[in-house]
Amino acid sequence: MAAVDRSRTEISVLSDRVTDVGSVDFPGYYFDEDNIWDLDKFKKNLKVSITSLDQETMVFEISGIDASIANAFRRILIAEIPTLAFEFVYIINNTSIIQDEVLSHRIGLVPISADPDMFKWFQHPLPGQEATHTDYDTVVFSLNKKCEFNKNAATDEKDPKRLYVNSEVYSGDLIWKPQGRQEERFADNPIRVVNPDIVVAKLRPGQEIDLEAHAILGIGQDHAKFSPVATASYRLLPTIHILSPIEGEDAVKFQKCFPKGVIELEEGPDGKKQARVADVRKDTVSRECLRHPEFADKVQLGRVRDHYLFSVESTGIMKPDVLFIKSIAVLKSKCLAVKSSLQNISSD
Amino acid sequence: MNQPERYELIELMGLPKVTYELDSKSPNAAVVTLEKEDHTLANMLANQLLSDERVLFAGYKVPHPLNHNFILRVQTVEDCSPKQVIVDAAKSLITHLEEIKVNFMREWELKMISVEGVEMEFS
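Which chain is which? The protein sequence lines are A and B, in order.
Its first residue numbered 1, the first sequence is counted upward by one per residue in this note's numbering.
Its first residue numbered 1, the second sequence is counted upward by one per residue in this note's numbering.
No lab work stands behind these hints: they were computed from the structure.
Treat the hints with care, as some may be off.
Derived EDC-like pairs (lysine to aspartate or glutamate); straight-line CA-CA distance at most 20 Å [to be verified]: (1) A:K326 to B:D38; (2) A:K332 to B:E21; (3) A:K319 to B:E21; (4) B:K25 to B:D38; (5) A:K298 to A:D222; (6) A:K339 to B:E5; (7) B:K101 to A:D25; (8) A:K332 to B:D38; (9) A:K44 to B:E98; (10) A:K44 to A:D25; (11) B:K111 to A:E264; (12) B:K111 to A:E61; (13) A:K326 to B:E21; (14) A:K146 to A:D117; (15) A:K272 to A:D283; (16) A:K339 to B:E107; (17) A:K339 to B:E35; (18) A:K326 to B:E99; (19) B:K91 to A:E264; (20) A:K319 to A:D25; (21) A:K44 to B:D38; (22) A:K43 to B:D38.
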């Protein structure tokens, strides 16, 4: 069985190169096909399926969309979904060995569990003007920790956690101070840091940290601390086409060329072990099998051009499924802005 | 300090969102500049424009990575204006996104039902 030409639907992964990368499904590429974008055709080809979903991570698949849209989702998830993060840190007293600016930076990166939809954008003041914060655009946290000797510690104690009191400052020590009507607005879901166990600083007796941190809305494009995702990535669905049967010892060797669970061995018609593709999603496309001459003409590797396996890992600020819905909304608002702006331009 | 303000990435600062100019070099062509946008929107628009049979050319460039704008150039067939084609492309993209959202929500609801079903079995 010869290698089938799948260049329209798949990217070919060869031992030394990747071919058929560009899309060819647009008008004018083939003289006998129109390939015009059609809503009904798009609806028919579009498929979305959620593989796994929990509080932090989501793995889902989309097929039937263009790479530019898949990439737009990824970029939006990373850089353009608004979240709250500490932007202003007012240090009242810091006698720890961590410099003020380093401490401020560390606090800035602590994720905050607060619904961004409940807040307005903070208006940055123009040069020479005073900043005006309100309870609708700013969240205030305070941190006050002083390290002292533990009077009850054993004389031969070596562990700093037992020897001293408050030897470590954690993100959980940042206490929310409700302003204005925030207490009633967030009565059901008080604002807090996502993870209370992040070490912010270490102290020794006599050292103290006393500060106030103000959080505002922002986007990841401005600073990574505003990004709601730890990772947001996609990959194309791998394909493994076995062109002629791989049997016996070759089948065992072939199975070892792939990660566990990709290739399964089953009994062939003549009683020999035969290789069969079990789960392509587990494949990392390492191309290991193409290094062996015995498999050179027996296998064809590739990736489906319009089938995307997305993986979204949230920082815990919002659930990953909510993030994806928000990314759609952000993209829609961008397209609407283009549409309305152009429609308002009279000249042509 | 020489560093530009971070909010300049997002805020229009009095600039128009879209600037539309007809291209003098070729017929039925236009150059559109979009402020405070990047590859995210540009690539989507350019690819959507290419799937329209009325479009002869569609491409974009980001003139400089520190200036947050991109230039989109579109050339169309005679009986159609570039502006209309871009508006149609934006509409198509909105439809695209609506459809993805509907499909995703349907899948999400099914996932929730299956998860709740498992919990109900164990309880």
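Structure-based check of each hint:
no., hint, result
1, A:K326 to B:D38, "holds, 18 Å"
2, A:K332 to B:E21, "violated, 24 Å"
3, A:K319 to B:E21, "violated, 43 Å"
4, B:K25 to B:D38, "violated, 25 Å"
5, A:K298 to A:D222, "violated, 50 Å"
6, A:K339 to B:E5, "violated, 28 Å"
7, B:K101 to A:D25, "violated, 23 Å"
8, A:K332 to B:D38, "holds, 15 Å"
9, A:K44 to B:E98, "holds, 14 Å"
10, A:K44 to A:D25, "holds, 16 Å"
11, B:K111 to A:E264, "violated, 28 Å"
12, B:K111 to A:E61, "holds, 13 Å"
13, A:K326 to B:E21, "violated, 33 Å"
14, A:K146 to A:D117, "violated, 36 Å"
15, A:K272 to A:D283, "violated, 25 Å"
16, A:K339 to B:E107, "violated, 30 Å"
17, A:K339 to B:E35, "holds, 14 Å"
18, A:K326 to B:E99, "holds, 15 Å"
19, B:K91 to A:E264, "violated, 46 Å"
20, A:K319 to A:D25, "violated, 35 Å"
21, A:K44 to B:D38, "violated, 30 Å"
22, A:K43 to B:D38, "violated, 28 Å"
In this structure, the earlier hints numbered 2, 3, 4, 5, 6, 7, 11, 13, 14, 15, 16, 19, 20, 21 and 22 are contradicted, and the remaining ones agree with it.
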